[in-house]
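Chains B and H are the protein sequences, given in the same order. Sequence positions in the first sequence follow the working numbering and run 714 to 829. Sequence positions in the second sequence follow the working numbering and run 520 to 633.
Everything labelled a hint here was simulated from the structure, so no lab data went into it. For clarity, every value in this text was computed on a predicted model and none was experimentally measured. Certain hints may be false.
[To be verified] DMTMM-like cross-link-like pairs, simulated, lysine to aspartate or glutamate; straight-line CA separation at most 20 Å: (1) K530/H with E547/H; (2) K771/B with D620/H; (3) K762/B with E563/H; (4) K530/H with E602/H; (5) K530/H with D620/H; (6) K762/B with D620/H.
Listed below are the residues making up each chain.
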Amino acid sequence: AQSVTQLGSHVSVSEGALVLLRCNYSSSVPPYLFWYVQYPNQGLQLLLKYTSAATLVKGINGFEAEFKKSETSFHLTKPSAHMSDAAEYFCAVSLGRAGAGNMLTFGGGTRLMVKP
Amino acid sequence: DTGVSQNPRHKITKRGQNVTFRCDPISEHNRLYWYRQTLGQGPEFLTYFQNEAQLEKSRLLSDRFSAERPKGSFSTLEIQRTEQGDSAMYLCASSRAGLVDTQYFGPGTRLTVL
Numbered sequence: 714a715q716s717v718t719q720l721g722s723h724v725s726v727s728e729g730a731l732v733l734l735r736c737n738y739s740s741s742v743p744p745y746l747f748w749y750v751q752y753p754n755q756g757l758q759l760l761l762k763y764t765s766a767a768t769l770v771k772g773i774n775g776f777e778a779e780f781k782k783s784e785t786s787f788h789l790t791k792p793s794a795h796m797s798d799a800a801e802y803f804c805a806v807s808l809g810r811a812g813a814g815n816m817l818t819f820g821g822g823t824r825l826m827v828k829p
Numbered sequence: 520d521t522g523v524s525q526n527p528r529h530k531i532t533k534r535g536q537n538v539t540f541r542c543d544p545i546s547e548h549n550r551l552y553w554y555r556q557t558l559g560q561g562p563e564f565l566t567y568f569q570n571e572a573q574l575e576k577s578r579l580l581s582d583r584f585s586a587e588r589p590k591g592s593f594s595t596l597e598i599q600r601t602e603q604g605d606s607a608m609y610l611c612a613s614s615r616a617g618l619v620d621t622q623y624f625g626p627g628t629r630l631t632v633l
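Bound-form chain B, shown alone (with noise of 0.2 Å):
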C-alpha cells in the first residue's frame, strides 16, 4: 500500500518569495509521483509528474519537484510566488502497474497563500 503525506495544511509566502510545498511519500515498490493544483470550484489540473526518469522535474507555471529516493520525498518549489499561484496543491502517488488502472493516493493538500 502507498500513502502520501503533505506536510503543512497551510502556507504563506510573500508575493516574489520562494515557494517550498512538501511531500513525503510511502511506496513497497518504486513509486510514480505527481502534484496537482485545485483553484477554487474548479477539478485538478496537473503541474507535473515524476517517471523515474530525470529525477528533478520541470511542470508548469514554474514549478519543479526534486524526486529524492533517500528521503522519500517530492517538494514542490518556485523561486517566486505569484499572486496567480494561490491555491490548494496536491501530491499524490501511484503505482504505475502496466496493463492496470493507475489509482491515486493523494496527500491532504497544502493550501498556498501569497501575500502582496
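Position chain H against the provided structure of chain B, taking the given hints into account.
Below, chain H alone, put in the same frame as chain B:
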C-alpha cells in the same frame, strides 16, 4: 479537446433520496476514474473503468453506490438512499491507457445531503 465535463455541478438532496451524476470524458480516453473529496481532504479513489469494464472498486464504495460506463463513453455514478456522510465533491478523471497515464480531471459535482 473540450476537457472532462461533469453534470450537475451542484446537487442538493434530502437524506434517503437517490442521486445520479454524469461524467463525459475526453473523447479518445479509454480509462475513467471516480474520486470523492470531502472538505479539507485530498481526493479518494472510488472506482475505475477501462472502456466499459469496471475493473476496480474501493472499499469506500458501499453497496449504495453503483457506477456504469455503457459503451465505454460517458459514465454515471448513482448513490441510493443518500446519507449526510455522502456530502462531498465527486470528481471524475479520464486518461489514455498507459503505464503512467496522466489523469485529466473534471470540475466535479458537489453533493449536499440535508
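Cross-check of the supplied hints:
no.: 1; hint: K530/H with E547/H; in the structure: violated (28 Å)
no.: 2; hint: K771/B with D620/H; in the structure: holds (18 Å)
no.: 3; hint: K762/B with E563/H; in the structure: holds (19 Å)
no.: 4; hint: K530/H with E602/H; in the structure: holds (14 Å)
no.: 5; hint: K530/H with D620/H; in the structure: violated (30 Å)
no.: 6; hint: K762/B with D620/H; in the structure: holds (10 Å)
Of the hints listed earlier, those the structure fails to meet are numbers 1 and 5, in rising order.
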